[in-house]
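All chains should be modelled from the sequences, with the hints used to inform the complete structure.
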Amino acid sequence: MELNTFRGSFEHVVKKRKLSSSNCLQVVDKINHELERALLRVQSDQDLTLTVDPKSILKDLKSKLDEFGPEKELESSQKELNTNLSKTQKLLEKALNPDISKANRKIEFDGQTMNKIITDHLLSQGMFDVGDCLIKETGAPEANLLRSQLLEMYQILEALHTRNLQPALNWVTVNHEKLKENGSSLELKLHQVRFMELVQQGSQSDALKYARAHLAPLACSHMDEIQKLMACLVWIGKLEKCPYFKLLAITNWEKLGDELSRQFFLLLGRSCRLPLAVAVEAGSKTLPSLLKLMNLMGVKTQDWQVMEELPFPVDLGKSFQFHSTFICPVTRDQGTLENPPMLLPCGHVLCRHSILKMSKNNSRTFKCPYCPLDSSVAQCRQLHFP
Amino acid sequence: MEIDPLPNGNTATENAAARPASDAVASLAAAAKAAAPALKVSHLSDSLKLEHQFLRVPFEHYKKTIRANHRSVEKEVSAVISAVDSSSSSDFSRDDAVSHLSSLVSRLQGLKRKLEEGSRVENLQAQRCRARLDHLESADADNLSEWSNTRLKRILVDYMLRMSYYESAAKLAETSNIQDLVDIDVFHEARRVIEALQNKEVAPALAWCADNRSRLKKSKSKFEFQLRLQEFVELVRADNNMRAILYARKYLAPWGAIHMKELQRVLATLAFKSGTECATYKVLFEVKQWDNLVDLFKQEFYRLYGMTLEPLLNIYLQAGLSALKTPFCYEDDCPKDDPLSQESFRKLAASLPFSKQQHSKLVCYITKELMDTENPPMVLPNGYVYSTKALEEMARRNNGKITCPRTGVVCNYSDLAKAYIS
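Chains as they are written, first to last, in my numbering: chain A, 2 to 387; chain B, -12 to 409.
These aren't lab readings, by the way, just hints derived from the structure by calculation. Some clues are possibly wrong.
[As the list claims (entries may be wrong)] Below are the EDC-like pairs computed for lysine to aspartate or glutamate, each with C-alpha atoms no more than 20 Å apart in a straight line:
id	chain 1	residue 1	chain 2	residue 2
1	B	Lys323	B	Glu356
2	B	Lys334	A	Glu309
3	A	Lys63	B	Glu356
4	A	Lys319	B	Asp82
What follows is the structure in structure tokens.
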């Protein structure tokens, strides 16, 4: 990477600075030395026996200093340092993009909206101190409800961290119905951890009691897992031989915590992928190509200001795709309610406009552009991408 | 090392017996990881190019300190030299000469101390530049999510500093242990000037201009001129007209060569007075002018340190939200994972362009996964499309029955049709 050249040049600057600074020190020392010598000479003339008067000593000093030329001396080393400094800065500008605001539209983001977004983000990350501080400094409305909800979550996670399952189990019990609706197996996993603990401790009856109380109610959705868990009871005392033990013993508490916070956010009507983090990450992936476009094509500011659509597609990756979009492979139009995607009998999909065009407005059969099959409009079905 | 074959052999076979399942998972994960890095790393090196400000600000700070320190040394040394010069031509008595010389010696001692202190500060600042370089170079495919998380925090601190939320900025930096990666100390310099301007004091701002005169001159900055104009207007507001005129002669006249029009306009306030209803001059008396000065100062300050003129957060958000924005984001059932499902983000994105879509991209409503050739889309008799994975799983759990999660229509797995979407 180009940063290496910058680093090299920077280290060179550091060396030059040391040189220049020790040079400064030398110059000062030298002047100091001459001054002290002159002082000594004046002082040593205690009883005025010497013929030299102070004036001639001072004159001597002046000519010594003139000869030495400290100002020039100071300048020379600094000059070199200065050129190195500007050179290094130029290298930095070359290695990195010196103005990333080039692709910005001249619009103002509403301050209050921004503050709310940032506060939400800080609270969601469990940084309650910073969030509270920001609310105080910005005078933004307090987010009490959200704050208390998130505080509960972080307390549960904290407890999980110290291997205390109880708060998590309490929360799961309270939200049993909603978790079931979301198809989460968090409840099973938490009980599974506790159950396996009991199994490992070798207490068969305790484990059995626990299973009856807590695993049995989950039978309808997790029969498979429960059967395997119960099988572990048979191997108590020689668990290392049990074929299921390794699969079922949850050792990754971090993942358990992740799943819990995922479900917690889901029940709050939020996402565990913090929106600000998603948007900024998307920004870091988009900006490089946006800036390249601005530099290469020289897009005019006023054009950029009113563009309805980015001039190029940005591939943010799978995890940033939140919506289904259908682009007709024939017309390149995006599917809409008036021009929806249609499934041909052969399985290929085109937009309604292209089908109507090919069938001369539903007056004859047409050939699929992708395979030799003939179709009529009546045979085509509208698709929905929920 | 001693080798004990028997127990070793035992554990090895045991491990092998217990391993297959976990091994399979591990190798799958490894395969997925191996495919991802190439793309991730290229994204990464591109996004590292956005970090100019991150390196530039501490470098600029370093440069500034070096130059300022050197200037003060030069000044001190030439002061001493000229003191020697003038003394050599005067008629000093012996005692005068002693006291004169010893005062110069102690002055040099002071300068030496200052030099050492300056050197120490410069070293610290160089260290900070290195810390940032190291931080940039530490980013790789393995610690990417942690690194991005730190980047977001840096960006947030930048935003808070620019908005003058100093306490929050300091707290966030401290709790995240990223003090070396943010520019809190640089903004201290700005804080003094901004707070003074908010109190309608120009002295610190003028001092700042004097400190940075040559740089400001090079960029043809109007900031100092504007400060002077404001001071003049304040004198007129206070009906202190004689002083206003004297002030204008001293401080405004030198700008006449470059900013004659504005100078004339502001001088005309002498005729119109602060109560004027004449629009051209009324605005000059508005309190808002002080806010403009603050904004102008911020712009100059950012430029001087090589910072972007907009907060980094705004820049990243503009680009990111444009890339995420689709017409579907504004529908009621927009999934919660999309930032644009939130009202606040929609508001920000209102005047941003939509993303461009060139190819169909289908996301399964049930699994939220992208549908592709490995997980192709399947069509229910009612025309709703879901991923094969999701529907297979549903059929497995419900004896081959499929229930459309959007409409509640029930059908058999065998009723499904394949769709080929390119």
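Practice problem: Any hints from earlier that this structure breaks? Give me their numbers in increasing order, please. | Solution: Numbers 3 and 4, in rising order.
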